[in-house]
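S.K.: Residues per chain are reported as follows:
Protein chains: 4
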Amino acid sequence: MPTALPRTSVEVSDFQAVRDETERLAARLTPEDQQIQSMPDVSPTKWHRAHITWFFETFLLLPHLPGYEPYDEAFQFLFNSYYEQAGPRHARHERGLISRPTADEVTAYRAHVDASMHRLIDELVVARDDLADLVRLGLHHEQQHQELMLMDIKHVFWKNPLRPTYNERPDTSTTAAGPLGWVTIDAGLAEIGHDGDRFHFDNETPRHTQYVGPFRLADRLITCGEWLEFMADDGYHEATLWLSEGWATIQREGWEAPLYWEPTASGWHVHTLHGTKPIDPDEPVVHISYYEADAYARWAGARLPTESEWELAARTLGNAEPDGNLADTEQFHPLPAEPAEGTLRQIFGDAWEWTSSSYAPYPGFRPAEGAVGEYNGKFMVNQYVLRGGCCATPAGHVRPTYRNFFPANSRWMFSGLRLATEV
Amino acid sequence: MPTALPRTSVEVSDFQAVRDETERLAARLTPEDQQIQSMPDVSPTKWHRAHITWFFETFLLLPHLPGYEPYDEAFQFLFNSYYEQAGPRHARHERGLISRPTADEVTAYRAHVDASMHRLIDELVVARDDLADLVRLGLHHEQQHQELMLMDIKHVFWKNPLRPTYNERPDTSTTAAGPLGWVTIDAGLAEIGHDGDRFHFDNETPRHTQYVGPFRLADRLITCGEWLEFMADDGYHEATLWLSEGWATIQREGWEAPLYWEPTASGWHVHTLHGTKPIDPDEPVVHISYYEADAYARWAGARLPTESEWELAARTLGNAEPDGNLADTEQFHPLPAEPAEGTLRQIFGDAWEWTSSSYAPYPGFRPAEGAVGEYNGKFMVNQYVLRGGCCATPAGHVRPTYRNFFPANSRWMFSGLRLATEV
Amino acid sequence: MPTALPRTSVEVSDFQAVRDETERLAARLTPEDQQIQSMPDVSPTKWHRAHITWFFETFLLLPHLPGYEPYDEAFQFLFNSYYEQAGPRHARHERGLISRPTADEVTAYRAHVDASMHRLIDELVVARDDLADLVRLGLHHEQQHQELMLMDIKHVFWKNPLRPTYNERPDTSTTAAGPLGWVTIDAGLAEIGHDGDRFHFDNETPRHTQYVGPFRLADRLITCGEWLEFMADDGYHEATLWLSEGWATIQREGWEAPLYWEPTASGWHVHTLHGTKPIDPDEPVVHISYYEADAYARWAGARLPTESEWELAARTLGNAEPDGNLADTEQFHPLPAEPAEGTLRQIFGDAWEWTSSSYAPYPGFRPAEGAVGEYNGKFMVNQYVLRGGCCATPAGHVRPTYRNFFPANSRWMFSGLRLATEV
Amino acid sequence: MPTALPRTSVEVSDFQAVRDETERLAARLTPEDQQIQSMPDVSPTKWHRAHITWFFETFLLLPHLPGYEPYDEAFQFLFNSYYEQAGPRHARHERGLISRPTADEVTAYRAHVDASMHRLIDELVVARDDLADLVRLGLHHEQQHQELMLMDIKHVFWKNPLRPTYNERPDTSTTAAGPLGWVTIDAGLAEIGHDGDRFHFDNETPRHTQYVGPFRLADRLITCGEWLEFMADDGYHEATLWLSEGWATIQREGWEAPLYWEPTASGWHVHTLHGTKPIDPDEPVVHISYYEADAYARWAGARLPTESEWELAARTLGNAEPDGNLADTEQFHPLPAEPAEGTLRQIFGDAWEWTSSSYAPYPGFRPAEGAVGEYNGKFMVNQYVLRGGCCATPAGHVRPTYRNFFPANSRWMFSGLRLATEV
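Chains as they are written, first to last, in this note's numbering: chain A, 1117 to 1539; chain B, 1117 to 1539; chain C, 1117 to 1539; chain D, 1117 to 1539.
Derived by calculation from the structure, the hints in this document are not laboratory data. Be careful, since some hints might not be right.
Stated by the list, open to error - Listed next, the stretches of chain C that the computed footprint assigns to chain B, with coverage defined by at least 3 CB atoms under 8 Å from CB atoms of chain B:
#1 1188-1194
#2 1200-1213
#3 1216-1229
#4 1301-1313
#5 1373-1381
None of these values were measured; they are calculated from a predicted model. Beta carbons are placed, not taken as given, at the ideal position from N, Cα and C, and that holds for glycine.
The task is simple: from the sequences and hints, build the whole structure.
M.R.: What follows is the structure, encoded as structure tokens:
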């Protein structure tokens, strides 16, 4: 189970806990499952496992561990994702064509790098904060890929008419969502962004002042039941509800429901990591695009929150951070039966919430030096920010300042929505 | 020549002045020139002339002038651009395939609608402010298309190896740009957006408060000479200067310079409305994408301004609005030889300046009721705001609050850049 | 009206008759009509008019008329179709983007080349058979483009929701097609190909021996009425009737009927050069692809003839060649009320008949020397031969040995089918 | 090792020998290797293994073995290749996305079907010639897929920068090719096609008469050394050597050599099933498209043979059929040191030889009844015939009448060329 990482040092056991969690998630998959790239956005499980290993090899072992030689020269090419400063790389959309190294060979690669990382941590990291920072970055990077592995394998199994399952269905029942409540936040200056205490990504900084006007925020996520009402009201066929680009997209793609929803003789069903099941009207809707979130909000007479509004509200009115992720069971936290007045429910760890904010640098943003500076900054165009963390997000990645981001037409992540309005 | 429209009423002569300017701009073109759609973004001149006429027919004459019958039923289909509420429409990318109505037949259509509009203005508009508002919107809409006509015909002629010219080269010489100066603006709360006095588009409202941090803004646009330095320093081949999506774009498209630039044995030349000429190093660079503007700024150790920063600076430190557009000669205003301390030059009417701001609704934004509500709001995704107006912009469209917007890869408008930095 | 060209000499009046016919066909079109390229296969009328002029300029005037200078250097680039040996050329799919030269300017170009050609014919051709051959080739080339002009403008008008007409509907009525008869041809050796007497294209030679087995050939073309039966029997939805590639094509393209057919409340209608009219069940079906012709034949328990079978039958049992084309009225020859026993009807000048023969060189085929050698040979792959000539074919192009060819998915030519079977 | 199948009966041991050979070929591959579809034309090894099993299940077991139930209903959908009459099927280009069933699960499927087939053969086939014919068809079908498995895995490994090898390099050396000799065949009537004795595919019949003119045929295949001369003479850059469509293809694809050839500092190398090695100038060139074969022939002043010419020559002058395939070592038969006068070398079992003949039905061709009638006939358009068999072809598939066929731009099969000329 992933854990929030302590900030002041990195122990071998911290390192290995994250590495082991990756292998635990992959252990349910056959070598063939780990091979598939079901669309260009998806990477094979095997590739994820190797790439996050390459990260440690490239940014820690090769430059810093004396005498370390590359495990395999070709891996530098095969498992570089997008780091221009780390040299040329294999074409992203062809990751599924690489049968070798096999899944077992990747396991061996991981073991080799782990052993060397143990040496590096024991011998060098203790005395060098800069290396500790890099190790921590590598571990958070690996955790991000743990979430991607779950998102991706869900899509891989979706493309297979046999509809394999990733794991067993959890033995839980949902609590009733109840009526939507609202909280009101007054206008004023707010400090937005991470304060630098504990681990964070560069895109969460610098903390800076923003004027946030008065607004209202829904006290929970929109449910599948509410989404069915939108569909029943012809939401997918009423052009005036949609952004022009969104309307063109749903026409072209033939979208009539969220991703993974399927009509059956007994109503809408949904594909999950634990199989196909009937829609649960009390669960939060997920796997919707920005366009769909925006259209729903317009239909509901509301709008999406900005990321500043969301962060301000989450910091002051959010429920406690979840004590552990629900990743490999794809389930949502039970809703409190009676929400406390003026608090927000489901703010952390259920669904990534679309905001209306385009992903952009904060005032004064400076990416890190060197290749790891490519981690976030170069993607700051034509993407929209999502906040809050989903059921597949490692716990250490759930915080008020965390900025996730996807293009407006992406749906394969666990993306939902929370409404906002003017006061 | 277009003129700023008075706000309190609309006279037939105001109306006809704008309509006549459109015809004056088209008069230099053959029927064949008016037929061409050189890429999906471009519309044929003839289509522009008909579409802006359709706007008056659809939103004024048909609903409000008693007894008015459509000039031709098919025109409702052919010349609707994107108004879902006004019914189905011809495919945008096939506008160049419509040989009939001919250019002459469009002229007859315009005359018919003009005559009816005269009646409507004389008989109805005087007593109804709502109709006066719609007429004014129609005229500003027509002026926007005047600029598009010039942008589009420039591209049409670019695709022709014969390189026809639109008009004669103006008999002017550029003044030296001189070194780049900077102005500093202090942090504070600013009122952003139009105050509602005089004509404006809905996307400029509501005026609202924003906190704008301290920043510095360059006192003029980046010149072609400076762009040549960027190119000479391998700016188009250094991946770390580019947004990831921008780098992919310039690789795919093979971009090595701004649009319309061509290498020749005697150096870089540029295609203009008045023919091909050598690059003038003192002129502002135009026809660059957001990606290129952003990469240049990174290379220069600076960034693009936000639209709030730009608006605040333009309102307080901008030079006076130009007294007339330079549209059909594609020339730039001469730079003042000695800029006054702390003022901004070339802020209005030279080049559309890319900002780093994604095009989004202002807090509390509400589109107009009915089909004209589709004018702006539904485009508010995956586009970036440009400010300031260019040499082809009608004078009445040059103001501190005006928001132009284009996708990040667009280059066929007169787009340039002005640098900003933190203080 | 085009005429069969005498073989032993070329007179100025012969030349000018063909040239004038081109202009007569174009005279019904506006400058805008002449500008349109409605799909990559289609060329603008204006381009046709210029290209066939370029042919004379490039292959006759420039190399052979002393002192002749190019009318416009750029035309060498703009109006070369596909002759690699004649230098680089404008991209085929962008022919519709060239507004200049205008239609009027092309008229002037034609007049200039005509005057020079008159000189060349008077002064040089009389004494040089090789030049006479080239002039004749140029004139037959121009006549081929006359047919293309009609095919292309029909498609251009089809893409326009206004459905303009090219000319008036002819005042004729169809005769009843009557039941399909069959003729039987015995097996034996046959001489296939042109004997070299009179004008012919290189692809019709050399005449050579083939063994043609016994076969039966339908005595007339398949009618629209018969095609409606195929459609009513779900012909477009029964996979086993189709070649695999054909089935994929009709799925992808959504074909449910021949090109230009449209369902209406009062039954199927068809777009013609003289407007939209109800399907006439006695007319031959045209505008079908090879895939459709093949599927129909399979449905009917028959097959397509080979080109050898067709040529052998046409030479021995065909009706007389038509005395003039019906090009610009798009009508078919009336069927003889009582066909003579053992003769073939509609063999010449009604519809291009798909054969099952892939377009290939005859044994011993040698293309002409020089650039005109690119005329036919280099297209001999992945195309199928059609025989017989259609209602838009100039009379001089209707003969038993003439080989027309198109890719299997082409439909915008006047293509129909005649059934064959084994004996 | 595959063997030519006896014609009069089918024994369980015959059946199992072919089935075992498939597994022997797959045994060298990891589960991951068996998963990859490196381009739409390629199928995963695992898919091949399942599909050829599905063939027996669908056409033999389900209709004929009493009480047989489908092994897995979903396999009917997943492993149908293109048989419309056998129901809907998985999209061809998504075969690589199906991780389940795994390679091991396919092995179990094969064992299950084998056991049932043994029963069917023992109990039913002995008494029913029609079933024996279907079993034989299934086995020949499986052998065709054995060749495809080798072609496909070669391509799969080519797409992997690690360049895995399929097997060990054979310990052989080539004999010198020596100068090209020619044989002359006189004109006359020839019987073309299979005489019906022994197994054959429907497309080889009916045997029929053709007139074959006099021609000369090269006595061996074109070598890699000769191909290097073509390249050195700028063969890939001289437009006049190419069919128009071929020229467009090599421009678009950037082809400068046969598939699998790579330039290195020490000359051209080639990727094979046993690794990358320097070009051997005495080996036959393979992995060329029809376009390249045709261009080479034109460059050499020759042409490709027709399939009739090839068959006539092979039957009368060909060397003996090889006694076994060389499939899994990718090597060529050694050339006889001193060819006998008037005989043809390398006619069988070295490279598929492009002919100039489009793939078409023989006169009187009738596909088999039922779904297996889709085996050949529906592909008879836009493909070209290849003759002779290659180093990966099972021995029972090497005969004078065998017709292989591929689109003109295909290169991943072992395709070479033999020249022909007129006499």
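S.K.: Each hint needs a verdict: does it hold in this structure or not?
M.R.: Checked hints:
Coverage of a stretch by a chain is defined here by at least three residues with a beta carbon nearer than 8 Å to that chain's beta carbons; for the stretch 1188-1194 of chain C and chain B the count is 3, and the condition holds. Beta-carbon proximity to chain B at under 8 Å applies to 4 residues in the stretch 1200-1213 of chain C; the threshold of 3 is reached and the given coverage holds. Counting residues of the stretch 1216-1229 of chain C whose CB lies closer than 8 Å to any CB of chain B gives 4, so the stated coverage by that chain holds, three being the minimum. Only when three residues or more bring their CB closer than 8 Å to a CB of chain B does the claim for the stretch 1301-1313 of chain C stand; here the count is 0, and the claim is violated.
Judged by the Cβ-Cβ criterion of 8 Å, the stretch 1373-1381 of chain C is not covered by chain B as claimed, because only 0 of its residues qualify and three are needed.
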